[in-house]
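Following the hints, put chain B in place on chain Z, whose structure we already have.
Residues per chain, in single letters:
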Amino acid sequence: MKKILLINISKALLLARWRQTLVAAIGVTFSITMFITLLSFMNGLNDLLDGLILNRTPHIKLYNDIKPNANQPIMNADKYKGKHHFIQSIKSDANKQAIYNSMAIMTSLKKDPRVLGYSQKLTAQVFFNNGTTDITGVLNGITAEDEIKLFHFNDYIVGGNASDLEKENNTIVLGKSLAEKLLVNVGDVIQLSTSKGDRFQLKVVGFFQSGLKDVDMVQSFSSIHTVQKILTKPNNYITEIDVKLKDINLSIPTAKEYAQLYETDAEDIQTANAQFETGSTIRSIISYAVGITLLIVAGFGIYNILNMMIFEKMDSIAILKATGFSGKDVKNIFMYIAISIGLFGGIAGLLFGFILSSIIDQIPFVTAALPTIKTFPINYSIIFYIIGISFSLITTYFAGWFPARKASRIDPVVIIRGK
Amino acid sequence: MQQKILEAKNIVKFFEDPVKVKVLNDISFSIDKGEFVSLTGKSGCGKSTLLYVLSTMDTDYEGSLLIDQVEMPQKDESYLAKIRNEKIGFVFQFHYLLNEFDVLNNVMLPGLKLNKYSREKVEHRAYEKLKLLEIEHLALKKANQLSGGEKQRVAIARALINDPHIIMGDEPTGNLDKKNSDLVFDIFKKLAHEYKQTLLIVTHDPGFAERTDRIIKMEDGKIIS
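Chains Z and B, in that order, are what the protein sequence lines are.
So the first sequence is residues 431 to 849, counted in this note's numbering.
So the second sequence is residues 3 to 227, counted in this note's numbering.
Note that these hints are calculated values from the structure, not bench results.
Fair warning: this is a prediction, and the values are worked out from it, not measured in the lab.
There could be a bad hint or two in this list.
Said to hold, decoys possible - Per label pair, the in silico range of CB-to-CB distance: (1) B:E18 - Z:F832: 22 to 30 angstroms; (2) B:F31 - Z:W448: 35 to 43 angstroms; (3) B:S45 - Z:L781: 58 to 66 angstroms; (4) B:E122 - Z:K758: 22 to 30 angstroms.
What the hints assert, rightly or not - Computed, partial: chain B to chain Z, Cβ under 8 angstroms: (5) P75; (6) K77; (7) N87; (8) L100; (9) L111; (10) S149; (11) E152.
Glycine residues also receive a C-beta, built at the ideal position from the N, C-alpha and C atoms.
So that you can see chain Z by itself, here it is in the shape it has in the complex (with noise of 0.2 angstroms):
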């Protein structure tokens, strides 16, 4: 009952002034707009810019290393047990590549709660025949079911289609720079060699860009399979599992747990990619910087106009508190009115803050290096509206609380005899 009194004459004075009241909210609905447009936009670019790299990215990357065998032969002889041992001309082990017992660690993945998914792989490097001339190029062995799953394959499929791989023996698709090279078109089928000397010929069904131009330059894709088949493997034979994990952020420890329990090498993404979380980091903090300042200058608006209200409304202080309403009550009457201000103006700056972003969701943004964007990105977080509307109620709290104190300890009596 109290509390609707205080909001009826906090109520009364806001109406009374309602054009300043206007233009105190629309400081506030301005300062949100700005900061609800900002930030969905630059996020929108932060996760663009992310996915270029993290999108294709496993979470943990299971291979072998070439790499000098650890374990050398002379540590095993017991005569020299607890010896220095000097060892010269040592030669990596390229045969050791593949991952040994594949099967058993895929399982085992499986059922692993920590695991979305994982991706078995087999790379080649191989020899494109061009006429005269040889284009070296890496095919990778993949199931493309698993990487259109986890690592978003088909965004970066420009022609043809990606589930051909699996559909048809000897097929490829090709990076988009190379297939340029090659003049050759979806349909066509091209020549290559392994590093062996063994000639293949392989249909292509689909061009890849992954808006790297080194990359694409390069990369061409195959079913697994064919390229155990080109290498004249067993079908057992892969030399990488890309994991994807639940939570990225546990890929560190769990890489180093695999690493242990196969016996591979294991590779955490946040080893390998650390200046993207870097990048992101700086740009959220920009847009959150410039996004409150425009609140605190909000801010600044309605303690300005709240110390006018109460220099106005001199009178009506003097005779609510005459009339029996304490410095409290006073003090409430200016808080209801500033978090008023602040409550509706924020309202409305949510919604034109989603109106503004979707209208540059809207606008035409086509580069070569991203082929399925092709408007401007935008996050639409629910984040961004929820720190949106608290820091515009936060700040129009902190801009009410000095006038209201101010009105609060206004002496009736020097007002009333002051006439």
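Okay, now just chain B, sitting in the frame of chain Z:
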């Protein structure tokens, strides 16, 4: 035995600015229930200052003040606000209505603040008070559309809404013409004699003071009669 509504004991007050001046010098008196008292004196004798001390709005004094035989603390601002709301009604020289509200709401505000009756009941009471002062036809007008005399009558209705122990007036007729002054005086008289309402009115108008039941005369911060 008459009931003492208001009692002042040895009240002393100084103005500090610009030099220390004793404005109220050892003031003691009391007002009984149903009395119609006027407080008069020359300009600057401290009568308004005394009224604001008695009204609890000015707490910067020495001595003690009893309203309804309860000693008023000088510190507790929200308690004093409650006392003003419940036990004191005010009428000022300048009418001081809230221009944002209509007449009815102006009268209702202290009643709603008291929160003793429901909104409907307070509204009903407000109409009763307006009727008593013969201005119920103005109920739905905005406060700034009224004439001076009408405003002052609305202010009296507002002072009455919580059935206060005492109504205090600071030159309530000072800003009105003869006709309206008489009207306001008649209202006060009617309240005092028909409704046993206690009234303490500060005035420098001797004609007004003479017609009240009791005159307290002040000079240089002292009560002289």
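Structure-based check of each hint:
1. B:E18 - Z:F832: 22 to 30 angstroms: holds, 27 angstroms
2. B:F31 - Z:W448: 35 to 43 angstroms: Distance hint for F31 (chain B), W448 (chain Z) is violated at roughly 49 angstroms.
3. B:S45 - Z:L781: 58 to 66 angstroms: Holds, since S45 (chain B) and L781 (chain Z) (Cβ atoms, about 60 angstroms apart) stay within the stated range.
4. B:E122 - Z:K758: 22 to 30 angstroms: holds, 27 angstroms
5. P75: violated, 14 angstroms
6. K77: With a minimum Cβ separation of about 13 angstroms from chain Z (threshold 8 angstroms), the hint on K77 (chain B) is violated.
7. N87: This hint holds: N87 (chain B) lies near chain Z, its Cβ roughly 2 angstroms from the closest one there, short of 8 angstroms.
8. L100: holds, 5 angstroms
9. L111: holds, 7 angstroms
10. S149: violated, 18 angstroms
11. E152: For E152 (chain B), the interface hint is violated, since the closest Cβ of chain Z sits about 17 angstroms away, which is over 8 angstroms.
The structure is inconsistent with the numbered hints 2, 5, 6, 10, 11, although it conforms to all the rest.
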